[in-house]
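Here's the letter readout for the chains.
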Amino acid sequence: MIKLHKWKLLFIAIATNFTILLTLALGDPKLWGDIDWFDIVGEGGVSLLAAMWLVFILNSRPAGSVTNFLCLGLGFIFIGTFQDLLDEIIALPDESFFRGALESLLMPFGLIVLTFGLYHWHKEQLVFLEQRRRREQETREYRWQDQLTDLGDARFLKLQLSQQIRQCRANHQPLALILLDLDRFNSTNRTFGHSEGDRLLRELSELLILNLRRCDLLCRYAGDRFAIVLPNTPELMANELAQQLIRAVASFAYKTNNGDTVYHNASVGVAADNPDREESITEIATVRLMAAKDQKKLGSAA
Amino acid sequence: MLAWIEREERYVPAHQFPAVIIELAQSRNTDMDKLLRGTGVFWEDYLSGELILKPDQCLQLITNLRRLLPGNDIPYLLGHRLYPGNFGASINPVWFASHLSEAIDHFVLCQASLSPLLHIRKSVDPDYLYLHWQNNITDTEHFHFLLQLSMTAITSLLNHLCEAEPSWDYLLPGPLDNEEQYQVNFGSRVFANQHIAAMRVPRSQLSTACRQANVNNAVIARNQFLAAWSQQPPLGFVAYIDQCIRTHLPHQLTLEVLAEQLCISPATLKRKLKKHDTRFQDRYDSVRKELAIDWLTRQQLTYDEIAERLHFHDIRNLRRAFKRWTGTLPSSIKPLSPAKTTP
Numbered sequence: 007m008i009k010l011h012k013w014k015l016l017f018i019a020i021a022t023n024f025t026i027l028l029t030l031a032l033g034d035p036k037l038w039g040d041i042d043w044f045d046i047v048g049e050g051g052v053s054l055l056a057a058m059w060l061v062f063i064l065n066s067r068p069a070g071s072v073t074n075f076l077c078l079g080l081g082f083i084f085i086g087t088f089q090d091l092l093d094e095i096i097a098l099p100d101e102s103f104f105r106g107a108l109e110s111l112l113m114p115f116g117l118i119v120l121t122f123g124l125y126h127w128h129k130e131q132l133v134f135l136e137q138r139r140r141r142e143q144e145t146r147e148y149r150w151q152d153q154l155t156d157l158g159d160a161r162f163l164k165l166q167l168s169q170q171i172r173q174c175r176a177n178h179q180p181l182a183l184i185l186l187d188l189d190r191f192n193s194t195n196r197t198f199g200h201s202e203g204d205r206l207l208r209e210l211s212e213l214l215i216l217n218l219r220r221c222d223l224l225c226r227y228a229g230d231r232f233a234i235v236l237p238n239t240p241e242l243m244a245n246e247l248a249q250q251l252i253r254a255v256a257s258f259a260y261k262t263n264n265g266d267t268v269y270h271n272a273s274v275g276v277a278a279d280n281p282d283r284e285e286s287i288t289e290i291a292t293v294r295l296m297a298a299k300d301q302k303k304l305g306s307a308a
Numbered sequence: 175m176l177a178w179i180e181r182e183e184r185y186v187p188a189h190q191f192p193a194v195i196i197e198l199a200q201s202r203n204t205d206m207d208k209l210l211r212g213t214g215v216f217w218e219d220y221l222s223g224e225l226i227l228k229p230d231q232c233l234q235l236i237t238n239l240r241r242l243l244p245g246n247d248i249p250y251l252l253g254h255r256l257y258p259g260n261f262g263a264s265i266n267p268v269w270f271a272s273h274l275s276e277a278i279d280h281f282v283l284c285q286a287s288l289s290p291l292l293h294i295r296k297s298v299d300p301d302y303l304y305l306h307w308q309n310n311i312t313d314t315e316h317f318h319f320l321l322q323l324s325m326t327a328i329t330s331l332l333n334h335l336c337e338a339e340p341s342w343d344y345l346l347p348g349p350l351d352n353e354e355q356y357q358v359n360f361g362s363r364v365f366a367n368q369h370i371a372a373m374r375v376p377r378s379q380l381s382t383a384c385r386q387a388n389v390n391n392a393v394i395a396r397n398q399f400l401a402a403w404s405q406q407p408p409l410g411f412v413a414y415i416d417q418c419i420r421t422h423l424p425h426q427l428t429l430e431v432l433a434e435q436l437c438i439s440p441a442t443l444k445r446k447l448k449k450h451d452t453r454f455q456d457r458y459d460s461v462r463k464e465l466a467i468d469w470l471t472r473q474q475l476t477y478d479e480i481a482e483r484l485h486f487h488d489i490r491n492l493r494r495a496f497k498r499w500t501g502t503l504p505s506s507i508k509p510l511s512p513a514k515t516t517p
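These protein sequences, in sequence, are chains V and D.
Per this note's numbering, the very first residue in the first sequence carries number 7; after that it's consecutive.
Per this note's numbering, the very first residue in the second sequence carries number 175; after that it's consecutive.
Next comes chain D alone, as it looks inside the complex (with noise of 0.2 Å):
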């Protein structure tokens, strides 16, 4: 068994995460053949409740979708729906979760089931936690469609369960296309050119408590979930190859030194990054991005550490590549003020 997931593995139970997308095109009097096309999935399959679809059947139905009901507010509505759904022992952890620190772990635990297709990870410094969201097994072009979607998904369900609303904060990677969603379904604290894709919350609310706060009903649904998921690997081609890279980073990296740690052959690597539209210079300009990004914003690093900590010769070589990822010199990128504190 590989350590990760490949886009034509069967992986997605079309009960969960597919369900939603199926369900909100039948309210809309869309033509399921219509919707199915090209996916491979029949409606007689669906309904039995044992069909596991691949991750690339999934993208197929989210590009139908998105042709069928080109709406910008398609997303959310998904996003809305999405939680609890039909997620059985993945979700339960997250629903009897005590707190809202607790929930977010549960929830980052059991992603594999609940966020097929984008990865979440979380981190934390003294002030935020951040939730950090990447594409999971291909680079799908879906990638800012499936963010939104996300993004409400975990705001709904969070914002359900605790019992007084989190503040939250969204930092998005490019402009905000249609400001009103964002808007209505975020909120005020919307932050447009971030250059990345991720919610934080203080800390001082996570401890926030659970309405339906239940602590061995959380245990038991950890254990099973644990005990249902243990043969699957939790991570993506493309998380998993990101995740490589940012643990490697210390060290020089290159094709051949990531081959050798996936205990595959270059050629064999390169086609399965090809395979799930990618390539190594992508991956690691993307972890290197994100690193940067962060030291900048959050650590306030010298640009001198920050050229020497990503395998650059010098300031010059770092801007350069910093422009290129993002359009923007380093310079240009300042941390966020902290959200106002309600009297």
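With the rest of the complex left out, here is chain V (with noise of 0.2 Å):
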């Protein structure tokens, strides 16, 4: 990522150097006693500091007007910190216009354009908030997810779920889970190989999220099958989505690189949450779709 941003890093730098060079052509090297290492450590800390956002903050963004802001406020505080350093090992002539009046114009200013630029993102946040909505609700744990779907994993379903349970208790809605898995996902990986099969997940995470409502959370439980929390949801309406779900599956032309059609059909369990149960609601959610499992197999082998 950094790569992008090498003009601005230039920029900075040639910036830097240019305080450096004007300091020492107005001032004079401090004598060895006369610095204060204790102002040395606190002030090279901050402008230390400084420089580690301006790397964290360029390495993790893409171009654009927010990244530009971003790195325009913090250039300013790190050169403005930079030259209170400089301050400590030179000494200016009091009467110097750089005697702290650069520290004190640059500091401020970067400090709002940083503001506006972090407002810009907080903008820019919501946008893909709303996308992201049923991958992760209300919370995000980027440890807690799967690399190949960018969906939240077991862990983070049992937070979520636990969370949304609390709520919907206490607001007394009603909570149902579903458990859908596909049929015969073995049998496409060794058909088709496994780099297929990982697209096929990918691909059929996407479909979901498309067939889901706002309030729901997609997450991927764990292998092919995946979990979809349905707050506010009584189970005849649970039913009835995934039932909505299985016919979206169905209906899912899977292209391979080969380009062949491959269609899949999935198998569900719906559970609603009861307090009353002992078992958890993912257990009976589990259980109901090994049934269905049976069923169908029963019936193919009949």
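I should point out that these hints are in silico values taken from the structure, not numbers from a laboratory.
Ideal Cβ placement from N, Cα and C applies to all residues, glycine included.
Among the clues, some could well be false.
[To be verified] A short, non-exhaustive set of chain D residues, derived as facing chain V with CB atoms under 10 Å:
#1 R202
#2 G245
#3 H254
#4 N333
#5 Q357
With the hints as a guide, dock the two chains, each given alone in a separate frame, to form the complex.
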């Protein structure tokens, strides 16, 4: 990422250099004994941290106006604090404009630009949040994200499920969970190769998301099994939504890299939250999913 | 030639077991230099198809993979991809087997090639056929990872070959660390805290027919395998030691007796054990623990008999040792309920 921003970094480096030269031109290096090491550590630390922020932010953002504002703001702050540090090593004449003035100009200006950048970052985040709503709802945990499908994994599901159950119970609302599993996914893997299987799962997760409501949450349970948390949803309605998902999966014509079309069927297990039952909602849904699978096997054997 | 395989002998063809690790890492866009770092493997040699790795290099490869891809689904993904892979003559006897029982026998026969790092042992009782897993060459920290991988691989292979999926039970040593993966990959009959690593299948299902059955091909493939691998000892060091202890156990066993049996000096044996990350006492305990659990759950021997067979003075000593091995008392070990027969 940081390669995208090499011009900005170069600009900041040149500006920093310029400050060093200017300060050297105007002032004289202090004597060893006159240097206040406590100030050096304090101000040097601030300057170093500002530089680190700059690198982290540039390294995690694509180019664009928001990045430019953040970079400019942090750049000013860095130069301001750096000048302050130089001030400790090089004695400037008292009447010089650079003594303190540069810092007191650059710092507030940098902070204002940074604030402006942060405001737009916030606006930008709202746009992405809406796009990712059905993947993360109100919680984000990058460590608990599945690398393949970009959905939350089983740990994320557990966390979300316990939060949502608590919330729904407090509001006396029903909550339902759907577990959805592909039939014969292993044979697809064997026939077309595992990279096709991986891509199928990625595309399937997009497909499932398109069929969900704004308040629903899709997670990857494990392997080819997905979990969908449905807050404020009675079991009947959850069954209907599950049937919609089954129909969507059944008519999904996945294209392999060779152009073959592969169709899949899905099995589901639906469970509603019930505080009186001893088993967890996930256990009930798993049992129902396995029963649905067995039913299909018996049906195909007969 | 030694009767067993040691950790720095060239033994594992790189295009077989290690290939699946490399392939998965590649499909996840992992940096190959990082994956091969410290293994001493060069990409050109790997592609030549003639590279034979040391078990040590395989373990380093696994260490690197686990660091680069920390996801908890990795062993299962590897397992699903492992067979038939590029195993050639050593997977064919399994592939062409005519029924489940033959497929399992052939798998156990060819395991030196099919499962180089873990040793698989077959045993039967009146109701079930058991497959037991243990470390083969070194007492590696990756055992759990390799176990998940290997169990998934053998399930995936045999379920694919059999016309009707066998109903496997999975008996695992410790608590389940990520239940969801077990549910999806192994189904519902997974039993945690069993202190052994095994899979079992009802003997009534052993005659299940296989899809690729071909009697002649199976015989030919078996002979080809035996010809190709006859120069190699079938067992790794740790598995070999365990086997010696197991066969010798009716008599008292010490490090010195064992060394004499192996025709090496006690000092050499000690050094070799250390080189493979284990000690005589660990091996002796591990075999005795396995047997004790076997006798408790499957043969239901009395404590007196077990104590005598394992060379403990009395039941109290057995209890204490058992507690040390498993963290629990022998009385808490119960036989597993048989699988529910589907109507």
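Status of the hints after comparison with the structure:
no., hint, verdict
1, R202, "7 Å, holds"
2, G245, "6 Å, holds"
3, H254, "6 Å, holds"
4, N333, "8 Å, holds"
5, Q357, "6 Å, holds"
In this structure, none of the earlier numbered hints is contradicted; all agree with it.
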